[in-house]
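> Residues per chain are reported as follows:
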Amino acid sequence: MAGGTDLMVEVNRGTRLVGNVVAVDRVPELRGWSLEGDRSDVLRLGAGTTCADLAEPSLAKLVPALAQAARTVGSPQIRNAATLGGNLATASPAGDTLPVLAALDAEVELRSSAGTRRLPLDEFVVGVKVNALVPGELITAIRVPVLNGPQEFLKVGTRNAMVIAVTSLALVVDRPGRTVRVALGSVAPVPVRAIEAEVLAAERCDFDGMSVPPDEVVERFAILTADAARPIDDHRGSAAYRRHAVSVLARRAIRRAFSGVPSVAA
Amino acid sequence: MTTLEAVSRTATGPRIGESAPRPDGVPKVTGSFAFSSDLHHDRMLWGGTLRSPHAAARIRGIDVGPALALAGVHAVLTHEDVPGSPTYGLIHRDQPVLASDVVRYEGEPVVVVAADHPDMVRRALAAIEVDWEPTEPLVDPELAADAAPIHPDGNVIRRVHLRHGDQTAADRQDLVSVEGTYEVGMQDQAFLGPESGLAVPDGDGGIDLYVATQWLHEDRDQVAACLGLPDDKVRLTLAGVGGAFGAREDLSLHVHLCLLALRTGRPVKMSYGREESFHGHVHRHPARMHYRHLATTEGDLVRVEARLLLDGGAYASSSSAVISNATCFAVGPYRVPSVEVEGVVVRTDNPPCGAMRGFGAVQTCFAHEAQMDRLAVTLGMDPVDLRLRNALEPGDRLPTGQVITGTLPVAEVLRACAGHPSAAVGPDDPMARPGGAGRTADVDDVVRGEAVAVGFKNLMFSEGFDDSSSARCVLHRGVATITCACAEVGQGFVTLVHQIVGEVLGVDEVVLAPVATTSIGSAGSTSASRQTWMSGGAVQMACESVRRELLARVAATHDVPVHDLVLVDGRIFSLPGGGSGDDYLPIDLSLDEVTAEAVEADVVHRHAPTLPLDADGQGDAHVSFSVSAHRAIVDVDPDLGLVKVVELTTAQDVGRVLHPLQVLGQLEGGAAQGLGLAVMEEVQVTDGRIRNASFTDYLIPTALDMPPVEIAALIEQPEPGAPFGAKGIGEPPAISSTAAVAGALRDATGLDLPRVPVRPDDICLASGSALDEAD
Amino acid sequence: MTTSEDFSLVVNGSHRSVVDALPGESLLFVLRERLGLIGSKNACEEGECGSCTVRLDGETVCSCLVLAAAAADREVVTIEGLASEEAVLSDVQQAFLDAGAVQCGFCTPGLLMAVDALLDTDDEPDELTVREAISGNLCRCTGYGRILDAVDRAASARRTQVTL
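Chains as they are written, first to last, in our numbering: chain A, 1 to 266; chain B, 267 to 1041; chain C, 1042 to 1205.
The following block holds chain A by itself, in its conformation from the complex (with noise of 0.2 Å):
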């Protein structure tokens, strides 16, 4: 356990018993990050990295759509404690960094006294709530690339602040790679990439210019996005209003990333 804040909640409702408990928060080691690669373009960040940290301006420059997100977690005490690591064990179908890690085709390392193992971030989160730890196995890094372009995070909720998203999305941009990647969160057991979507920005986004893409292609982005979403009816919100929601999100992020408007950062 590191930050607690998911765990703890069960704890506190006695619908999980506690036997033996290793406080990782306590490790430095997973606390951190570094850039790897020839280029430094793959950001290190260790599993217990706070969303306070991620917000931070040195990390949000990195990956402004992961600051954005963290900055919506919860309250400010939770960011202090809740972790990237403990975001992705959990593996709730509405946490908030997994949309993002998806649109960053994130991977997760995995240490155990077997060795280290990483796995793609869909193959990490693989349910709701369930995730692909063996027991022994420790969540310790998360790599994800750092992308020279706009990125955007948006998540609905009905109350401005502390609120569980009824529905989310993340827009990262790659423009030397000329690829847009959209992920979206609380319509689906787990993170979903919006595949055709993405296709259809690849070829009709201007990556040199970043000028606004034509209305139809914006609304057939919004369309294909919203059928990627897979929601359901609960108390937070209706399937409908779900993928009417995302198809605005997407509407929104295709025209912020491509306006020039610069990325919102933390």
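Quick caveat, the hints were computed from the structure, so don't treat them as lab data.
This one's a predicted model, so the numbers in the text were calculated from it and none came from an experiment.
Glycine residues also receive a C-beta, built at the ideal position from the N, C-alpha and C atoms.
Check before you lean on any hint, since a few could be wrong.
Unchecked claim - Far from chain A, by Cβ distances over 10 Å, these chain C residues were calculated:
(1) S1055
(2) H1056
(3) S1058
(4) D1061
(5) G1065
(6) G1088
(7) E1116
(8) S1125
(9) V1129
(10) E1165
(11) A1174
Said to hold, decoys possible - Covered stretches of chain A (chain C as the covering partner; in silico rule of three or more C-beta atoms under 8 Å from a C-beta of chain C):
(12) 16 to 27
(13) 77 to 90
As the list claims (entries may be wrong) - Here are the computed lysine to any residue pairs in the SDA-like style, where the Cα-Cα straight-line distance is at most 25 Å:
(14) K129(A) <-> A698(B)
(15) K61(A) <-> S960(B)
(16) K61(A) <-> A698(B)
Keeping the supplied structure of chain A fixed, place chains B and C upon it in accordance with the hints.
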């Protein structure tokens, strides 16, 4: 200026009209103030409650054996262990202490346990075996009246008919007609301090209960009846209260704690968790209301018809009084010559409902203000002008037939509110837009709307209820000790007491005796905006009695005329050149020496009597009224349906400002609750079961949701008969605020929005059809 | 089967022993029920209200979500430790009283901890910054108006103190 006035003005110490410091302020900011959940006793056990998971079920059997067998478990009690009355209730004694053969709502208490540690309590509860036979719950209030009774008292808790004026106006064909159906969802009081208390047995068959509540003596009476004990064996002391807003008027854990303590012979503490708290107290009545307004083309209201249906849930609580209020104030603060309202509150297997700040007037204000806005559109009139044209004034007759003999500045609050300059700025900062930290809206995605709403209700209890409050003042060696059982729930009554004593006795050393049933008679409930009038009045009365006796004592012992004496700043002086013309040495005595022998007064304060309502809802049923208005400015993101309330402006009829900061506190806090009901707060109930019993999903406004509240005016027209001329101020802020926010949302979106809380779907997925046509 | 825990916490500058705690007890529970420090409150016990806010190694956290044993030997500051040795009340506590920002008082300790932390990092916060900083502290009584005023007063007091 007379000599007396000059002398008065030099007085120091907290006085009426000043923002005196809270006497409990330092303990509250240092964390030493003991709330009911902070109580601790050596040897104490922890208590817990097993609650029904079903909205409706028969209980075929309860096996507590497995729980009793667990280590650390000291008692496991059922309905069979209730020695006195098996049921309790505020008005109707219809609610079981512990369920016996049926349960009628999800969360109904069935078994209580006492154990050494909360974890053991949890295990004990999990070990109890209840043989449930779930039944089909009655959850649609529209069907309740005709459905098979789910309770021996029947499914209609109360029906109120109100008929006023010429009923043939209904048939007139020359009038403009506007109809609408409106709905208000179930709001929760959501006080922060959980239900909690400590019961300590005295070893002699009696019990001391320390508990957070709104009405100590009413609780004592009900608890004593359920325990089958005389009053002197059941002693209640008020523990620190973490907010109330109506949710502590009913018993919650009181009897349970006493039963466990008496059975185990040990002190027992219980503290509800948040989820349990949602099941453990009553909520605001959800309401469905159908209205028809008839007016002349010039905009004079001629007739209002309304049908009100309130869902009271499983047990009656104060539903009878809530429906009466809703019915009496259904029309709003307007002059309407012809009125017909039928109000009914029914019983269902939904969560029980009862008192919440505003008490029925919140629901009807939402409806009548929506109607007034519709009417204004139909008539092509400005909505504020329409309201002003029909605004009630003192001397007017209400739909109950009662003439307004006190103050009621309806037009004044409306004008002040509508005319107040706005300080609202544009949504330039992304954090200030709808969506907040979620950053969902750009500037162009936002539209702004504005609306004004006005509402009123009665202050204090009604319909002939003989209400009173008791207080005692003891002045000894210059220190005033005040005993009054008024429950301080945060509103600042304890501060007011200091101010009253300062004002009447000029004493600034004031001791508030602990609030307990053993020391004084009832102060009545901290609700209905009544305590300043009733208990403030009682304290004032007691202090004045002490003052009179004190001066009489000095006059007698010093042989001077009593009307030559004044009491100021802890001293008694004779006025220079006293009016009597007698010759004597000037008097200048310290209170300290004069009260070496204590002076004491014990009083009971009542208001002027009221009368019941007759079969047509007519009668002088109310003591006093208060009106307030709000103007709301909202930003809406119509594509996502997200809302940010940008500014709330209010004007309120307060009679007299007794404490400026505490007045602000009530107006701002009440507006927050009104905002919450408008846009985010609803206990979501499906098939009788609460889906969002947590602060994760029952959302109350955070600091990022709440705008500044601008005070346009505090109208001070002293109310005849009210102590200090002051009106209660607690409820009006929660009444017109919801209606104003809803109106502003309609202004921004052009949608009908006939239901609160307004959800994002209602804004961005609206079908666009009005529920009813205007003629 | 229950095991028990013995550990030590550093609370408000003092070492405090905790013996025979049950596994799973939160820091909030230990503070309140074992160490007699009732100032931190239990309004929700799921991190949604902030009434249990304490400082853990200098950062504000919800103590209801901290496993007490995991805070062993770490520095905990509660409302009882907010004022310095010399003063009875800190600047934020006095400001809350002066501004009329206390009604029932249940949210007050948590809010004071959050505001104190805010002013440590920014002694001239604008309104939105303040609102975001206290967005994790629910208050049901005040509507936040007097609280915002209290923060203004406290910030002003703190700036003056720093200059002196």
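> Which of the numbered hints are not met once you compare them with the structure shown?
Hint check: 5, 6, 11, 14 and 15 fail, others pass.
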